[in-house]
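Asker: Fit chain B to the given chain A structure using the hints.
There are 2 protein chains.
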Amino acid sequence: MPRRERERQIVDVAVQVFAKRGYHGASVDEIAELAGISKPMVYLYLDSKEGLFLTCLRREADRLVGAFQGAATAGGATPELRLYAGLLAFFAFVAEHRDSWVVLHRQASELSEAIAAAVAEARVAVMAEVAGLVRAGIAEAGPAAQLSDEDADFVAHALVGAADSLTDWMARHPGQSPEGVTLRLMNMVWVGMGRVLEGEAWKPATG
Amino acid sequence: MPRRERERQIVDVAVQVFAKRGYHGASVDEIAELAGISKPMVYLYLDSKEGLFLTCLRREADRLVGAFQGAATAGGATPELRLYAGLLAFFAFVAEHRDSWVVLHRQASELSEAIAAAVAEARVAVMAEVAGLVRAGIAEAGPAAQLSDEDADFVAHALVGAADSLTDWMARHPGQSPEGVTLRLMNMVWVGMGRVLEGEAWKPATG
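Chains as they are written, first to last, in our numbering: chain A, 413 to 619; chain B, 413 to 619.
So here's chain A without its partners, still in its complex pose (with noise of 0.2 Å):
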């Protein structure tokens, strides 16, 4: 079997072992029997444990970061239309993935700086490619908008950080679909903008 393809099948076992038995729980030995080789040929492919887990990591974040925006690109003629596509293929593959995702997120970080880099790195991207398609709204909605970069940055941090907490939500409602739990959030996040676009200002004196 060629190199890389023993790789990624060491690769496919350790994400499920990592997400069923933590980190700390998980065993090279476990991983190196499912996969049906020794545990020298492992760490002769894949250096450590840790080396291990920081290379599950980074296959897994840049599915997840390739397929938001390979679906944002895709996604249609407006900013608002790349970013419906982009949130559906997120919630898509959590859904779809939930293994990868539980290394991702919920192990990665603080079992080392590497790993910790490894998953700020994913969320820079993923957070730069939806600050852009809300710059480009922004752009599209015209210079009556008044709203900066700096607004931009502050609507990707919240949506990024929503959809992040909102992947608890779906794992406690497994019946709603992803494109429910898109709809739901382009619902209250983009709606909300589109007020925001047309100079509408919430102030909390106006109760």
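Any given hint might turn out to be false.
Which copy is meant is left open, because identical chains are indistinguishable; a pair holds if it fits in one copy or across any two.
[As the list claims (entries may be wrong)] Calculated pairs, SDA-like style, for lysine to any residue (alpha carbon to alpha carbon, straight line, at most 25 Å): (1) K432 x A483; (2) K451 x R470; (3) K461 x A530; (4) K432 x H585; (5) K432 x A528; (6) K615 x L493; (7) K615 x S589; (8) K432 x R535; (9) K615 x V531; (10) K432 x D565; (11) K451 x K461; (12) K615 x E541; (13) K615 x A479; (14) K615 x A507; (15) K451 x N599; (16) K615 x G544; (17) K432 x H517; (18) K615 x D576; (19) K615 x R416; (20) K615 x A486; (21) K615 x E419; (22) K432 x A532; (23) K432 x A530; (24) K432 x G482; (25) K615 x E591; (26) K615 x H585; (27) K615 x M539.
None of these hints come from the bench; they were simulated from the model.
Answerer: Just chain B now, with coordinates in the frame of chain A:
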């Protein structure tokens, strides 16, 4: 010095040291020295390094949840104003207590199950509070709104996730006040909810 007072002092110092050095980098020696007591005394009061971290985390989480709840309860005549007051208290807390936020947020997730559980508990408390305010807002809008408890829970997840993520944005824009951040978020989300309550629905086909 009474035990309670001594513990408070140790925890104050420990929060700073954990925030500065990270959990793994923090040493109980340094905490003891800065608190002006011996290392065995720290262990006597607070068990272990993990026990100390957990005590820090629980205290800071209680403060944060308390700040949100206190402000929301006192915050005004409508669910909308109470939500605003709660969010404002959250962002003000994070801006003022950067150290405790780092301990709560950046370091806690993979250290141990007890620690992850303490963080999850704080998040659930804030989430329930927010969901309650959203439900009250929906109820005020009357039966025409046709939104369920599931919707309220959805909005709460989105809001809490957005607020979480926006603390990064705030760190990158130190000139922005907590008031400014809260107003932007209310504009994005509550104004959007207002339209949804009035029956406007975003659909991808409408572009």
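Asker: Each hint: holds or not?
Answerer: Against the structure, the hints come out as follows:
1. K432 x A483: The answer is neither: 29 Å in one copy and 40 Å across copies each exceed 25 Å.
2. K451 x R470: For K451 and R470, only the intra-copy Cα distance (22 Å) is at most 25 Å; the inter-copy one is 41 Å.
3. K461 x A530: within (16 Å within a copy, 28 Å between copies)
4. K432 x H585: within (20 Å within a copy, 39 Å between copies)
5. K432 x A528: both (20 Å within a copy, 17 Å between copies)
6. K615 x L493: So K615 and L493 pass the 25 Å test across copies only (9 Å; inside, 29 Å).
7. K615 x S589: Between. Shortest inter-copy distance 15 Å satisfies the 25 Å Cα cut-off; intra-copy 35 Å does not.
8. K432 x R535: both (23 Å within a copy, 23 Å between copies)
9. K615 x V531: neither (36 Å within a copy, 32 Å between copies)
10. K432 x D565: Classified as neither; 35 Å inside a copy, 27 Å across copies.
11. K451 x K461: Answer is within; shortest intra-copy Cα gap is 11 Å, inter-copy 34 Å.
12. K615 x E541: Cα proximity of K615 and E541: across copies only (21 Å, versus 30 Å in one copy).
13. K615 x A479: between (38 Å within a copy, 21 Å between copies)
14. K615 x A507: Answer is between; shortest inter-copy Cα gap is 21 Å, intra-copy 37 Å.
15. K451 x N599: neither (50 Å within a copy, 55 Å between copies)
16. K615 x G544: between (27 Å within a copy, 21 Å between copies)
17. K432 x H517: For K432 and H517, both the intra-copy (13 Å) and inter-copy (23 Å) Cα distances are at most 25 Å.
18. K615 x D576: Cα proximity of K615 and D576: across copies only (22 Å, versus 27 Å in one copy).
19. K615 x R416: neither (57 Å within a copy, 43 Å between copies)
20. K615 x A486: Between copies only: 18 Å across chains, 38 Å inside a chain, cut-off 25 Å.
21. K615 x E419: neither (56 Å within a copy, 42 Å between copies)
22. K432 x A532: Answer is both; intra-copy 23 Å and inter-copy 19 Å each pass.
23. K432 x A530: The answer is both: 21 Å in one copy and 21 Å across copies each meet 25 Å.
24. K432 x G482: neither (29 Å within a copy, 39 Å between copies)
25. K615 x E591: between (32 Å within a copy, 11 Å between copies)
26. K615 x H585: For K615 and H585, the Cα distance is within 25 Å only across copies (22 Å; inside one copy 34 Å).
27. K615 x M539: This pair counts as between: shortest inter-copy Cα distance 23 Å, intra-copy 27 Å.
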